[in-house]
Each structure stands twice: as structure tokens, then as C-alpha cells.
Amino acid sequence: MPYVPHTAEETRQMLETVGVSSMDELFADIGPELRPRSFNLPHGKSEMEVMAQIERLAAKNKVDVVSFLGAGFYDHHIPAAVDTLTSRGEFATAYTPYQPEASQGTLQAIFEYQTAISRLLDMECANASVYDGGSAIFEAMMMGVRATRRKRLVISEALSPIYRIMLASYTTNLGLELVTVPHRDGNTDIEALMAAVDDTTAAVVVQNPNFFGHAHDFTALFDHAREVGAKSVISVYPIMQTLLRTPGEMGADVAVAEGQSLGMPLSFGGPYLGIMTCTSKMVRQMPGRIVGRTVDTQGRTGYVLTLQAREQHIRRQKATSNICSNQSLCALRALVYMSLLGPCGMKRVALSSIENAHYAAKRLTAIPGVSLMSDAPFCNEFAIRLPISAYEAVDRMTERGFVPGFPLGRYYEGLENCLLVACTERHTREDVGILAEMLGGLIR
Amino acid sequence: MPYVPHTAEETRQMLETVGVSSMDELFADIGPELRPRSFNLPHGKSEMEVMAQIERLAAKNKVDVVSFLGAGFYDHHIPAAVDTLTSRGEFATAYTPYQPEASQGTLQAIFEYQTAISRLLDMECANASVYDGGSAIFEAMMMGVRATRRKRLVISEALSPIYRIMLASYTTNLGLELVTVPHRDGNTDIEALMAAVDDTTAAVVVQNPNFFGHAHDFTALFDHAREVGAKSVISVYPIMQTLLRTPGEMGADVAVAEGQSLGMPLSFGGPYLGIMTCTSKMVRQMPGRIVGRTVDTQGRTGYVLTLQAREQHIRRQKATSNICSNQSLCALRALVYMSLLGPCGMKRVALSSIENAHYAAKRLTAIPGVSLMSDAPFCNEFAIRLPISAYEAVDRMTERGFVPGFPLGRYYEGLENCLLVACTERHTREDVGILAEMLGGLIR
Amino acid sequence: MKTLFAKSTPGRRGVCIAEPACCEADHLPAELLRSHAPKLPELGELDVVRHFTQLSSLNYGVDGNFYPLGSCTMKYNPKFMEQAAALPGFTRLHPLMAQLKGAGHFTQGALEVMYEMENLLCEITGMAAYTMHPMAGAHGELTGAMIIAAYHADKGNRKTKVIVPDSAHGTNPASAHIAGFEIVSIESRDGMVDPAALKEALDDEVAAVMLTCPNTLGLFERHLPEIVEMVHGVDALLYYDGANMNAIMGKMRVGDVGFDVVHWNLHKTLATPHGGGGPGSGPVGVCEKLKPFLPVSRVKKLEDGRFVLDYDHPKSIGYMAPFYGNFGVYLKAYAYVLRLGGEGLTRASENAVLAANYIRKRLEEHIHVPYNRICMHEFVSSAVGEDLNGVRALDLGKALLDKGYHAPTVYFPLIVPECLMIEPTETESKATLDAFVDDLIDILELSKTDPDNVKTAPHTLPVTRLDETRAARQMVLTDDV
Amino acid sequence: MKTLFAKSTPGRRGVCIAEPACCEADHLPAELLRSHAPKLPELGELDVVRHFTQLSSLNYGVDGNFYPLGSCTMKYNPKFMEQAAALPGFTRLHPLMAQLKGAGHFTQGALEVMYEMENLLCEITGMAAYTMHPMAGAHGELTGAMIIAAYHADKGNRKTKVIVPDSAHGTNPASAHIAGFEIVSIESRDGMVDPAALKEALDDEVAAVMLTCPNTLGLFERHLPEIVEMVHGVDALLYYDGANMNAIMGKMRVGDVGFDVVHWNLHKTLATPHGGGGPGSGPVGVCEKLKPFLPVSRVKKLEDGRFVLDYDHPKSIGYMAPFYGNFGVYLKAYAYVLRLGGEGLTRASENAVLAANYIRKRLEEHIHVPYNRICMHEFVSSAVGEDLNGVRALDLGKALLDKGYHAPTVYFPLIVPECLMIEPTETESKATLDAFVDDLIDILELSKTDPDNVKTAPHTLPVTRLDETRAARQMVLTDDV
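Protein chains in written order, with this note's numbering: chain A, 1 to 444; chain B, 1001 to 1444; chain C, 2001 to 2481; chain D, 3001 to 3481.
What the hints contain is simulated information worked out from the structure, not anything from laboratory work. Computed from a predicted structure; not experimentally measured. Virtual Cβ for every residue (Gly too), placed ideally from N, Cα, C. Hints are not guaranteed to be accurate.
[What the hints assert, rightly or not] Just some of the chain A residues that point at chain B, by a computed CB distance under 8 Å:
1) H43
2) E47
3) M48
4) P79
5) A80
6) R426
[What the hints assert, rightly or not] Examples of chain D residues lying across from chain A (beta carbon under 7 Å, computed):
7) R3012
8) C3016
9) R3034
10) S3035
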């Protein structure tokens, strides 16, 4: 029996000690009327057979394509040591560190993660993670709702549409008003946002760089929000945060991010990492686990889960959130990634990605009929307008093993001819050259 | 600088402490006339770039073929836990356990390996490994030479020809006489061997199952050797040893094996594992490291390298062998493999492989013109005679991604039409079916 | 141990990245740039490897230690599942690839995993359909609660309350609350949901009842058939908290007995590692009538055998995750189900229950077992009694740490004083179970003779007991403070 | 810790294998079968995982501990090299595949690795050709000695002796001896090969001189040019022991200065992990005139760019390995060379030398340094002096274990009393080097005040000092005794 180690003799002894004569007697409480009507599952297979089956499935996915897909989820290089270290059984097979004396490894790592993330985003506190970047925005918004006791949320349409759908779903039953302020040619419309944020607003939510790749300075917006008593929530791209004006500098109250770019593989959508940070003032509104430093009975430094009075296992329905399991091992990956690259390495990743994207933009806009959606500054991702349907361009190039980007019409009405193109440090000039040639060929 | 962690400032401080003004001053002893005439190496690359290059090379090898190659090296399933456990840094990045207090992990593992291997081969002692199965045979032969002070070695031609070439190479300058006793239709010619072993013989060397897959009982041969004062050396296949009459039962003095089948991937030829065992009497003749159990100053059990007086770092040219680095991590793999499968699992691996081979033999000999080279019992490998050149059969099938076996003419004159076919538990009936159909199609 | 930041040296570089051809000013105006570099650790690669290798050694994990942590199902995490999830054919797959028509055939393997896993979970639990999107157990609860809300809204029901027994996991009320419901708590009786109390609480405003069965005492809810009838009688839905699923596989299908919604904790029952806190995976199954409300996308199999994502479900609650949930986690769980098969899953539950009962029987004369009858996969004991000299549940847990075991869950459920909740799982050998029992008995004996020793445990770990009050008061949450 | 065998329970099964359709009697006659099953451990998979996880924690490795073990070059082993060698495109490749004509194109990637690695090693060392076949350093020495023997035999030279300085690694004389040579040892003078002594020993029967340079004292052989001339003067060959290659990359090419044969220890200089004793890889390079004697097969690049194995070398010494050496090891070394490039290798040597000199200078006032001048990648100190109160080199090493460092190499080379040979390598940060020096100074101070404490170290490891005499006398070599 896989993973059940008892011999027949041991099973007999154990049943005898328990005082039952058969396994099924242990389930006497489950009456006959409650037993399964069917349990028509495949037979168990050996490890060898299952691995062969899973390898066949993996082979059905085509990953040796050159892809310019991004849209918030990026294919950065992951140093091998990230896997080596985070896969160690002592990290991977531990539970949530409820027994701190036997969990200092996990606890110190989370503490270090909180520190690194706080410094990267220039915020005062971070939690130990939530599920993903989208749920982090929801939780951030709710912090604003709790802190202000207001119900109106102002959201930029240049916030990832994926996350905006998530927010709409999550808030359905909460009696909140979600106001979406349209983007302007792929730019976040700061003036319109300022106009929309008033003294009934709980929080304003923006993204930097935004979904179209454009970076902004939101200082004025956040100043305005503070003046009218609203909270400022910003979602960022951690890699670009090595360069861009920080949430802290802009005066954000809560800054969140999808942490996938910090050492998580794309893995068809997860597991990823919801990063949450806030000002010290807001920390008691923050959901999720938080680790604090303290001392043991001998005065030695140690780490514990703290501020647990916010959490569901203590507060039940009065908790700040229902989050229990989080993405701890992903947070560890992010910490190891940041440690391995250091500030210099991470900045170089950001710059290489930006450089590749600008080269791509230059090459693509040299194709007659292709233009940038906006001439505002962008980082490693940009939107172009094509003379043909972006869907069609994507479909036709994809057939040839080349995914030129994401068709914006998927989420934005009116942008059916627009394509969102992302680069990372993994792209080469050759990749970009082929992209430009293929696209040029299609359009001609 | 990859893997050199110093900052420029630290380097400056260190140079200053040392009292030199530049790096190169440290190399003042290497005069200008000794400096490199050229050092025309490629520039360093990032981890990402090197991995991409290595992945491209890996992709140039075609491994998604169905292959019946064996010839002493077999594609058995390796449980995932073997990799997980042996790759732990505490094992992989440790040195030879010269400081036992800081190396009990490695030392106990070797002790357990020695125990498991001794039991599998039914011998009294084992060492911590040598390079591979071939060098193990050489070392075993030399044990016989030292023990008997004789110079004549009798070797069966059914011993792997690869190893026979190695033995010939290794002994070139040692003034030994190597007598090769021909096989008989792929069988080890025990009678001829007995006739060749006399009171000038240092050792007789046989293999079980032999290169053609046939198993034998060598008890009579080893009895005879003992009577004339010669030593008996046998090389075995560890997986089959769960079933076959053991070296111990047959009365061998030294039993060796290629341990690749115990959890080592094929990896294009290495690293593999040279297994060496012997009787207690012979242990002081055995080369390589040996771990013994002892106690510490508080009476607690512990493990140390022992009998080091045999080794080169103590004895220099008088050592039993020059072996220093061995295959320790491979021995650990073998131990983990054996522990995970247990005696029952290993026996099932052997039986499944045998079953598949007998099914294949049945299907192949059903092809008109194809016959077994011998009707003697075989295990998971067998030789067939084709009506066409085996080279041609292999080449033509290989083109279609199907490697039907090893053409025996490569090493045996006169067997140009013979093919050596190996099966493991990884083969399916479907694989065998295709093999038979393809071969049948070729011959027709 | 020093932190990464304390070990950092300005200017040191780890994994080297080639210097880019550009600088930030080339592409971004100054007002968009940060004024100072983030103070991230600057370490050599070996320093980082050594730091985390050493840190890991301060942890207990299932791979190194028996972990009888009640309610957490800390079973063995098979290693081949990690190899499966690390295949580049999965890890390198961009989730949006599946949403491009032309690239849909690039993701057929991944979609097949989703589709097949949904079907397997349906068969194991007798539900009509599953979503794999929820990213943890509590996220599954939230998803389930939102589906319940959507169902009632669609029917025009005005239902504002969810009933949660006092023995439930804290996430139950928290999740239902975040889905917009008011929580009604009912008291247990004899370790069971009290049908009378339930009846009293059940009115027309109740949208659902959330049940844990076996409950957090490790006991099967004997009144289950009655409860199902009562709940459905007021047009409320019955929710099954799957945290304790490891007790019943092959013995009961929650769909067959009338549960309408169920979530799994794959990182418990289906053996994916807990990772020091996550990631998990919390798929949700529903009965036929709730299918229209499941999150989108849904994976669909076409007649030609191809798999596609289907967003055309107007009644859907929408997106619970950016894509398709923690794919890398449920891929492992999928491999686990294939490995065990139906019989293996049944044997897992049987042996989990056997192990819990075996420990219970071996301990019953040494520690108070409040509900001392056949339990399911876990049971609770209670560190009460004068001969313990004031040694509390927490102390026993800490003393177990010294013996190399992780402590059982302590002080949960709240309804048992000085509670120690023990869940051994099916993957521990009898030798381990026996050694654990013997060691716990030794500690209980020691409590009689030298209680201070137990009260000050652990003595052999990297730290002794930590000052949690100070942590909460002084709030040192980063290395900057 | 209990052994696997002590933990075993008869009848327990680990990784389950499907029951085969046959039994042994179906295919093999009884007289060929063993009479009893081997008593291998019978454990559950989790038991095995836990056993080895716990065992590993009893070890020091580079990943967890500074390892300044002289002569062993315990540098950081980059993790991406492990990923590279684990690619299925390499691990699943049967070595015989390359010897089938039709399948030759199935192994082009692997053959390219061999070919390119040979070329890279040629350029790094200035040799004419390499073989990758030797499976460890000592195996390379043997290969080199056999090539030397074959060369002289081919020339008709009657040469029976090999000269080895007394400071050489023990493998040098052992390897030359196994290649059939008689060993002549010569004494060092002032830590160097004594040209006078060498001259005296050099006669027409000398086939070769084996040199370690820098030598085992960490000193560069200042008489090298003179030695080369003398050796070649009697038609002998000069052998370079590559164990200390980490000192000279980019600074000297052994081929350029006149060495005829050289071996590498890739598991030292090129950063492949030592694995607790192996596997290693010991490629051998030769000058032009020795090329015909290299082992077969040789890898050859055809004009069309394809790679093939070439066995047509009639003067070859034959097979040193069953196939092509420890491919999986030198694949990692290949990745390492690509990663570092020429400049990186030079910097590695420079910084290895800098680190050794830095420690030497910081220690010189605290411990006797017999040859206290600029050293190469390592240096020797000597635990002599009355103020040490009889504390010996071994004791200092053991006390360092307590501080979390692996001990330096002790009592080697034999020519220095109470020798501690310290090799820090280039991958350790200055902070680590400083901490090590500070801790060693503390131990030296403690030797003055509390020598017994040092003499009984280690105090904090799983065991204290072990009784080696008892181990050798009682010879408990398996768990059966």
C-alpha cells in the first residue's frame, strides 16, 4: 500500500489494541445509508507509471516557444539555488510556525522577507504573504474600507483587468461601490482619478507600471486622497521597483504586488505570491500572518508569529480576513531570489528587460502601420496598435511557435487591434528580430 | 566576479594586510618566462546563458527512444526520493570523512552501505566503493595476485568485453599473464575454465549473469580454485542478485559489481559505482576506504574510516591501491535505492525485467530466421541470431527511434549476426510488440 | 542566527547579471525614479546558500520529524510529486497561453490535468462539479460561501445568515463573514452538533450550515442524516469543511449524503507539502444545482477530445483567482491520486483512523481523553488532573519538541480545556507511533516528579520559550527597527 | 542514531512495485537461485526519507560550513551545475548509443560536451590533447603514468623508475607503482624540491618526475625552469599533479613551461561537489608527442561538424573506463568553465591565493608558520610551541569543529610537524575568513589557559572523539557483527 508502512502483522496488533476486529469496524459511526454509492476510481499505479503519465501530459504542453506574453506575469530567469534551497525538506514539509521553538528557520525567513519587501516597496511593514497579487489588492481595499468605514472605491481602469474582475467578484455581497476611472490611451488618468476621489471614498487603487506598461508618479493623487481622508492603494511590479519611485515615496497607505517575478516559475497560473505592505499606522488592519522579533527566556533573539489577535483562529468572524494558509514557500523563494541577486542584480534584471522592450518597440514601430498606443514612458511592456486584428496576428504567429504578445481586445473593448508586448532579460535581440520580421510579414 | 564575493574595498583591505600592492604581486614567484603564452578562453556568461547553452546541447541528444540496450548498464526506474535525499548539501558538498565527529552522516551511511552490499552479495565485507565495475574487477584480480603471489589470471570470455579490454590495459606493465577462456554459444565454459585454473593461477574471473545474460552456478569452479590455491573473483549484476545464487553461496573470495543499476542514471557512462566485497580473510588486501563501528569517549556508538594502513595517504607506493576519491555519493544513492525498495521491491524489479525479457525472446524468436543463441537459462538479457547483419538491423531500426539492442559483432568476431537484447521493468508489452514487428518487417 | 541584512556588505554581489547596455535615465524621466536603492541584502552566492542551509536546520518538518499536529494532516509528501510539478512542460507555461485561440493546443496537457482532477474529485466526493481555482482551504470556504450567496440571490431568497458550530475551524465563520453573511454560532453537546440547538437556530434567513465531519474532536457527527434533513428543510445549503477529509475517503461521499458544497485542503489530504504555511490548494465541489455559480473559467472537453476554457457562465461568481488556482500544487495532488488509486485512498483513510485510535488506546490510561470512544483520524486529550502539578497542554507540547516530535495542536478546539489534538496520519510506522506514545508517557511521568522541567521545556532547541507579549507590544516587524 | 537495519521490520515495504506476473522458478532452475532473501532494510518510504534527512544533519558540508581543508579546494559548488547535469537529455543517455552508427546522431550533444571540454582544458593548461576518461585524480595519475610507460616502451627506452618528492600527495607514488614503476623518493629542502637531490636521483632509468606545483606547502617551486631542463635532459617526462591547479589558472600554463603530462581534479578546481568522497573526475592532458598513447575512445569532430568516437589509435594504452569517464561530473565542470570564462578562472586563482595569504598574515603572530612568505592557494602552520601546553594540531582541528568550521588538513604534508594546512578558496567572503581567524585565535588563547578543554574537543557535536584503535582491532565493518 503506497505510503502506508504497516505490515499485516502490525495492522493486526494495532486493531487488537484498539479492540476492533476489522478496519471497517472503525467506521461503524458511518452507517450503511451513508456509505458511497460509487467509488469508481482508477487503480493505483507505481511511481514509475505515474511519472510516465505526467511526463506525457507535460509533453503535450508546448513550452519551447518564443513568447512575449506578460500582462503582469513574467518569465524572468530563476537562479538554480532558489530551487535547491527552498526545496529542502525542513522548509517544504514544515507546517505554519505555530511552535516557534521548532520553527525558527521559517520564522526568521519570514521576518527577513518582511524586511526585504518593506525595503523594496519602501513601506514600513509587510505581512508573510497572501494568495496572489489580486487577492492582495482586495485585502488592501478592505483595509481602506475598515480604516475609513467608507464604502466607495475608486479604481483605475489601467489596473490589470484580471484583478478588476477579481475585485468585482469578491465584493459582490459586501455592499461596496466600485467606481472605475477609464484609462487614457493606456495611461492612468490621474486627473480623472483625483476628481473621482472624494470624502466618501474609502480607497483609490492604482497600478505602477500599469497594465499597459506605463509608469506614473502618483504623489499628487495620494496627497489628495490623504486630504479627503481616503486611503491610497498601489499595486506594483517588484522587479521594476528597484528603479521606480516607490509607494513609500509617493505616500501610499497600502502597497501590494504580485510577487511571481521574484523567483516563481509561471507554472500555468500558480502558485504565485501576494505581497502586502503598509504603513505602521495600518498594520493592525493588515490581514495574514506577521512575524515579530523577540527574546527567549535566556535573552536570545528569536522570532514568533505576532499580532495574532487579527487572525481568524483567534477572532473567528471578527478577524481582519479569513486567510489561513498563505504562500509561505513562495515568500521564501522571493527572499532567496532577492538575496541571490541583491539590489544590483535585481536592478540589472529590470534594466535588461526595459532595454529589450525599448528595442522591441523600436523594431515593431518601424513596421509601416504599427504605432505605440501612447508615447508616455514605459518599462518592459508596451502596447502597440496594428493595422490588423491583434487576435489574428497572435493566432497566426502562434501557429509558428511565436507568441507575439497579448491581444488587448480580450479585456478592453475598442482595443481589438492592440497588442501588449512584454520583454524580460531572457529575450535576445534575435528573438526581437524574428518578432519584427514575422509581424512585418503578416501586415504586408 | 562569479562566486568571488569580495567587494573592491575588501580586496583592497586584504591586499594591504598581506602587504602587496596588486593581485599579480602575489604571483611574483611565477616569473615572466613562466607566464601563459595564450589564454584564449571564451568570456564568462551568466547562469541564464550557460543553462540555455547546456539545454540546447541536451536537446541535441535524443532520449525519447525505445531502447533495448543493456550490456551491463540498465535503465531501471529510480525513485524520486533517491535524488531528493542524496542531493542534500550536507551529503553532496562534504569531503571524504576524515574528521569523523563532523561526518557521522557520511560514515554511518557508508557503514550501512557496506552492510547492505555484503548482505546482497552474501559476502563478509565490503568497501566504500571504487570507480566502476571494471576497475573493481581489476582491483579484485590484484587482490588475488597479492594474496597468492602468482601472476596468472584466468578470465572467461563471457566476462564483459568492455571490462576485458580494461583489464588488458590496466595490466600492461604489471608482468601478469591473462588467459582468456572462450565462451560457448554465449555460455561461460565452466569445464574449460576448470581445466585452465591450476596451481600457478592467481585468480579466476567470471561474471554472473554473463555478458550474454546467462546465469550459472560456479560452485564447482570455485571449489576447484580453492583446491589449487587460486582465488575466485566474480562480477555480478546487483538487481539480479536478489534472485540468483550468491557469490557467498558459491564460495567466491572476492565479489564485485557495477552498481549503476542501484539508482544511478545512465548519464552517458558515468558516474557509476564500483562495488567490492570479499571474505573476512581477504579484507586487508582490499583497496579503498572502509568504515568501521566504534565508540566515542562517552561510550556512544560512532563510525570512523578504518584499516587506513592499507591506503595510499599512509602507505604511499606500498598501498594496496592508489584509489583516493571513490564514488561515495553513488554508494549513497545505492543505499537509498535499496532502502526505498527493500528486498521485496528489488526482487520485483528483477522479476519484471526477467519477465519482459522472456516475453521479448518469445516474440522475437517467433520471427522466421531468428533464434536464441543458446537455450540455457537467462535473466533479463539474451542474445539472438538474425538472418541478417545485426549492425544493419540496429542501424535501420535506430533511424526510426527504436534501438533493438547491441550488435555483438562490435566485440565478438563471428557474432556479426547476433544481437544482445535487454529488458527492464520500464519496458512495456507494447514496446516489445513494436520491436518484434519492426524486426520482423526488416527481415521479411 | 544573524539575519541576512546583518551579514550584508555594501557593494557585494551574488548571482552576477550581465551589465545592461542602458541605464534607467535612458528610458524613464527622473520624476518616475526612486531616489535611493532598496537596502536589500548584498551577499555572495555561497553566503546565501549557507544562510538558508543553516536556517533550515532550525526547523522541524515531516521529512525529519514526526508531526502529529491535529487538524493539519501532516502526512508524508511523496518526492516524485515534486519532480512531476518541476517538469519544464508545466513550470514554463504562461497561464495566458491557454486564453489565446491559436495557442490553446500548446496547453492541452495542463488543461487535461485540470479536467481530470475535477473529475477525480467529483468521484471521490460524489459532487457534480469542481473548481480548482481556490488557492487554499479558507479560500475554498470563501468561494463556497459566495456560491451559496449567488444561488440564493438567483433564487430570490433573502438569506443573510450562516450557522457555524462552536467546534468549527476559525476560518469557517471568517470566510462566511467575508462573503457577506452574518454568523450564527451554535453550541455543541456531547462533542456533537446539538440537533435541538440547530433546529432553534435554523430559520428562513439561514443560507447555509457549515459542518466539519468528523468534527474537530475527531468524532463523526452521529446526527448527520437528521441535520441534512433539517437544513434542506428550510431551503438552506449544507457546507462540508474538507479539512478532515483524510478520515472518510472511500467510506463516505459527502455528495451522496446530502452536502451541497465542499472544499478540500489538498495540502492536507492529498499530501502536497505545507511549505511552512503554504501554498495550498482548496478546490470546491458543488451539487448539480450550484454548478452555474462556479467561478470562471471552467475547463471543458470538446467532442474531438480537445480541452478548452469556457467563460460563458452568466451566473458565475466570477474570478476567484487570476487564472486557474495553484496549478503547481494540484498537479502534485493529481499525481498523488493517480498513485494511490481508489483503493489507496480508502486505505489511507482507514490507516489514518487506525493510527489515531491506536495512540488513543495506548494513552487512555495516562492522560485524560474527554471523548474516549472510537475516533476518526484524530482525537483530543486534555492535560487536566492534579497529578500533572500544573503542567499544561502547552508544556507537554514543548517537552515533546525536546524529544524530536512536533507538538500536537494545543488549545483547539476551544471547547476542551487544556486540549492536545493528536493526528498521526497513515504514513507513520508503528515503531514511530509507539516511540511517540512512550515518550509522551515519560513526559507525563516527569510531570509528576519534576514538573518544572516540563514547564520550562524545550531545553535542547535553538531557543527556549519566546516572549510573545513583548513581540506584540514592541512590534519589531522588520530588521530596520 | 539507529541504523537502517535496526529500524527495519520484516514484511514492511517501501516504494511499491507492481507484483510481477512470474516468479523466479518460471525462468530459472532452482540450482541457480539463492537460498534465502538478502536481509536488506524493510522500511516505509517516509522512514527512509527521515533516516537520511536526519543522517545528513550529522555532516558538515560546504553548503553549511566553512571548510578550509588544505589540498582539497572545498570551494562553493554552484547549484545550476546540478540542474545542468540532471537534464534528462543527459541522464537518460545510454553510453553505448554513441557506439551504434545509426544512433550516433542521438548523442551529438554529449559528444560536443566532451570535445569542447577537452579543448577548454587544453587552452587553460597549454597541453596538446586531453582524455576525459579518468574517473578521479588518482585515476588520472595512473592514466598519466601508463601513458608515460607506453611512450618509453614505444621508443624502446628501458625506464623503470619514477621520482616523487617526499612532499607529494600519497597517490603519486601509489599510482606510479600500480603502473609498474619503481618509486624513488627525494627529500625536500627549504620547502622546495632540492635540485641537487633531483640531479643525483635522475639517471637514464628514470621515466618521469611527478611534481606538485605549488607544492603541498603551498609554495611555488622556484627551481621549476631548472627542474624542467634537468628532467628533459635525461629523456624523462615531467608530470604535473593538478591537485593544486586552483592556484595558477591564468598565471601559468603547465604545457607552456614544459610539463608533459597533467591531471586535473575537477571536483576540486572546477567546483564539482566532492560528494563525501566522490565521484570525481580526473582528465589527463598530454603534450603533442604523447597524444598517440591516450586512452580510447577519442572524440573527433568531422568536417561537416558532426562528432564521432574514434577507436583507431593503435598505440593507445586502451580503456581506462568502461566508456567516457564520469560524464555527469565533467558536464558540471564544463558548465562551470563556461560560466567563469577565462577571466573568471584567473580571478578565481587570484582570489584563492589572496585569501590564503590573508589568513596567513592574520595568523602569523598567533601560530607558527614554518614557511612564512607569500604562499599560493594554501599554506601550512604548525602547532608547536610550549605555550600551547601540548595542544596538538589535531586538537585545534577538533576545537574548530565546535565553532562550526571543518578542520584544516592535519599532519600533511608529513615534512612539517603538527601541521595544519589551510586552504580557504576564493568563494569565502572576508567576513567568513575574519571570523575563522578570530575563532582560531580564541582557541589558541584557550590552549594557554585551559588546554584540556581543547584537547577534549569537540564538545558540541553528535559524538566526541572516537576510538580508532578499537575500530581497527575489532573490525566491525557491517551491522551483522
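* To do: Just pull the numbers of the violated hints for me, sorted ascending.
  => As far as the earlier hints go, 1, 9 and 10 are violated by this structure, in ascending order.
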